[in-house]
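> These are the residues of each chain, in order.
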Amino acid sequence: MVRHIIPKTLQEALTYLSEGTFKIMAGGTDLMIQKRSTAGLPPKIGQDVIYLFNLAELRYVSRGDGYLKIGAMTPLEDIYHHPDTPELLKKVIYEMASPGIRHMATMAGNIGNASPAGDSLVALYVLDARIKLQSISGERILPISDVIIGVRKTIIRPDELIAEILIPVDNFNVIVWRKVGGRRADAISKVSFAALIKRNAEVIKDIRIAFGAVSPTVVRSRQIEAELNGKSITELRNMLPSILEKYATAIRPIDDQRSSAHYRRQVASNMLRHLIEKEI
Amino acid sequence: MNKITFTLNHQPVALELDPSMRLLDVLRDHFKLTGSKEGCGEGECGACSVLVNGRVVNSCCLPLGNVNGQEVVTIEEFAKTKRYQVLKDAFHDEGGSQCGICTPGMIMAAESLLNQNPHPSDEEIRIGLSGNLCRCTGYNMIVKAVHLAAKKGAGLW
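Order-wise, the sequence lines are chains A and B.
At the far end of the first sequence sits residue 280, using the working numbering, and the numbering has no gaps.
At the far end of the second sequence sits residue 437, using the working numbering, and the numbering has no gaps.
Honestly, the hints are just simulated from the structure, not real lab data.
One or more hints might be untrue.
Said to hold, decoys possible - Within a straight-line C-alpha distance of at most 27 Å, the following computed DSS-like cross-link-like pairs (lysine-lysine) qualify:
hint: 1; chain 1: A; residue 1: K132; chain 2: A; residue 2: K90
hint: 2; chain 1: A; residue 1: K8; chain 2: A; residue 2: K44
hint: 3; chain 1: A; residue 1: K23; chain 2: A; residue 2: K69
hint: 4; chain 1: B; residue 1: K312; chain 2: A; residue 2: K23
hint: 5; chain 1: A; residue 1: K44; chain 2: B; residue 2: K312
hint: 6; chain 1: B; residue 1: K424; chain 2: A; residue 2: K8
hint: 7; chain 1: B; residue 1: K312; chain 2: A; residue 2: K35
hint: 8; chain 1: A; residue 1: K90; chain 2: A; residue 2: K44
hint: 9; chain 1: A; residue 1: K35; chain 2: B; residue 2: K424
hint: 10; chain 1: B; residue 1: K283; chain 2: A; residue 2: K44
As the list claims (entries may be wrong) - Ranges between beta-carbon positions, derived for each pair:
hint: 11; chain 1: B; residue 1: C320; chain 2: A; residue 2: V151; range: 21 to 29 Å
hint: 12; chain 1: B; residue 1: H372; chain 2: A; residue 2: E139; range: 49 to 57 Å
hint: 13; chain 1: B; residue 1: K312; chain 2: A; residue 2: K44; range: 22 to 30 Å
Said to hold, decoys possible - Listing some non-contacts, in silico: residues in chain A with all C-beta distances to chain B over 12 Å:
hint: 14; residue: H4
hint: 15; residue: G28
hint: 16; residue: I50
hint: 17; residue: Y60
hint: 18; residue: G100
hint: 19; residue: A105
Please read these numbers as outputs of a predicted model, since none were measured by experiment.
Glycine included, each C-beta is placed from N, C-alpha and C at the ideal position.
Whenever a hint applies, use it, and build me the whole structure from the sequences.
Structure (structure tokens):
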């Protein structure tokens, strides 16, 4: 008999997680569809389920220690409306799904689900977000890129839950988000692209570029970025062919029902070209 | 099994059902509230829209366990309100309802939008209803209907 647990407190949730293996239900907007069965029947989850969505202790957005701290169960719509939410994240959430989904969907769900097409992940990578994983025995805070290791694969242990998303408070001169999907609302990305740049009049001080839905995980290359930092804008534009080539080898798109590898590769390259030619 | 308790259309209810059941199925099969429709069943069409704590959600991807302790309102209850009358008349006047299957969801999404933003722009209406598909109207009539409702119902939201 499969158990369904609706804990009232975080402590209770952590205790359950320490004693068994659960499927974690956040907003349900991905899980309920992935496990969907015929109308009238419960989804085929096939293991114990713990429902965390209404845990008040995991519903907040606050500032402290140089971070914006987002409680794991905060619905996307509430993150969007918070005055301290970074502009990039607002742009991303604004184009995710629709209001009815955004009232339920959580960023922790996006992380735990670890889909290559998870839009908020692309923003979290370039924002240098850190993820607080909590268990009965303690907590660890890791960069997002260390948490997600493959298609639907994370390093989150069965006794852990995602408790908080920490985003360094920072300012950028250039903030770009591009989502390519079948339509404006309710689309799963074919390709997505985020860029954050700090620059003075002539020189790039900090450039961060990430692609979504073109590899098993979000692609962000600190190595390529390091080669671009400190360059003048003119130098950067002159380097364009080699930059395009470097990212072309970094991404590994596939053919699937939403798009083709060829299309994804071309569009990813076009967005990067546009950034460097027109948006810096 | 744990009991799930919540308020449904302002009445307290307590259920001993599998908490992973879709709220949509619980509403339609258990409570015989069939105003919420199943269209796509995957959160893309909005025909199953209901309000949880006054905000529109897709009840086809909402597990019953997630409404524990919350307030759920369906089109059947909302239809008793003045705001519904204003929206209904506006949909009627602008031709915003044709075959009708999307209409309950459209009305719930419009109510949620007007709750948060009583005087929405064209763009804000389109975003507010972006999770609701309609294959009859081409949407312009629905957008006009929401504008009309916001105007005629000024002060209600």
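> Does each hint hold? Answer for all of them.
Here is what the structure says about each hint:
With a CA separation close to 21 Å, the supplied pair A:K132 and A:K90 stays within the 27 Å bound. Among the hinted pairs, A:K8 with A:K44 is consistent with the structure: their alpha-carbon atoms are about 25 Å apart, no more than 27 Å. With a CA separation close to 25 Å, the supplied pair A:K23 and A:K69 stays within the 27 Å bound. Restraint check for B:K312 and A:K23: not satisfied, since their Cα atoms lie roughly 30 Å apart, outside the 27 Å limit.
Only pairs whose Cα atoms come within 27 Å are accepted, and A:K44 paired with B:K312 is accepted, the gap being roughly 24 Å. Distance check on the hinted pair: B:K424 and A:K8 sit about 44 Å apart at the alpha-carbon level, beyond 27 Å; violated. Distance check on the hinted pair: B:K312 and A:K35 sit about 24 Å apart at the alpha-carbon level, within 27 Å; holds. For the suggested pair A:K90 and A:K44, the alpha carbons sit about 34 Å apart, so the restraint of at most 27 Å is broken.
Distance check on the hinted pair: A:K35 and B:K424 sit about 38 Å apart at the alpha-carbon level, beyond 27 Å; violated. Distance hint between B:K283 and A:K44 is fulfilled; the C-alpha atoms sit about 21 Å from each other, no more than 27 Å. Checking the proposed 21 to 29 Å range against B:C320 and A:V151 shows it holds: the Cβ atoms sit about 24 Å from each other. A hinted range of 49 to 57 Å for the beta carbons of B:H372 and A:E139 is consistent with their spacing of about 56 Å.
At roughly 26 Å, the beta-carbon separation of B:K312 and A:K44 lies within the given 22 to 30 Å, and the hint holds. The beta carbon of A:H4 sits about 4 Å from the closest Cβ of chain B, which is not more than 12 Å, so the claim that it is off the interface is violated. Some Cβ of chain B comes within 12 Å of the Cβ of A:G28; the nearest lies about 5 Å off, and the non-interface call is violated. Interface exclusion of A:I50 from chain B breaks down, the closest Cβ pair being 9 Å apart, not more than 12 Å.
Residue placement check: A:Y60 keeps its beta carbon more than 12 Å from all beta carbons of chain B (closest about 16 Å). Distance to chain B contradicts A:G100 as a non-interface residue, since its nearest Cβ pair spans about 4 Å, not more than 12 Å. Distance check on A:A105: its Cβ comes as close as 9 Å (rounded) to a Cβ of chain B, failing to clear the 12 Å threshold; non-interface status is violated.
When the structure is compared with the earlier hints, violations turn up for hints 4, 6, 8, 9, 14, 15, 16, 18 and 19 and for no others.
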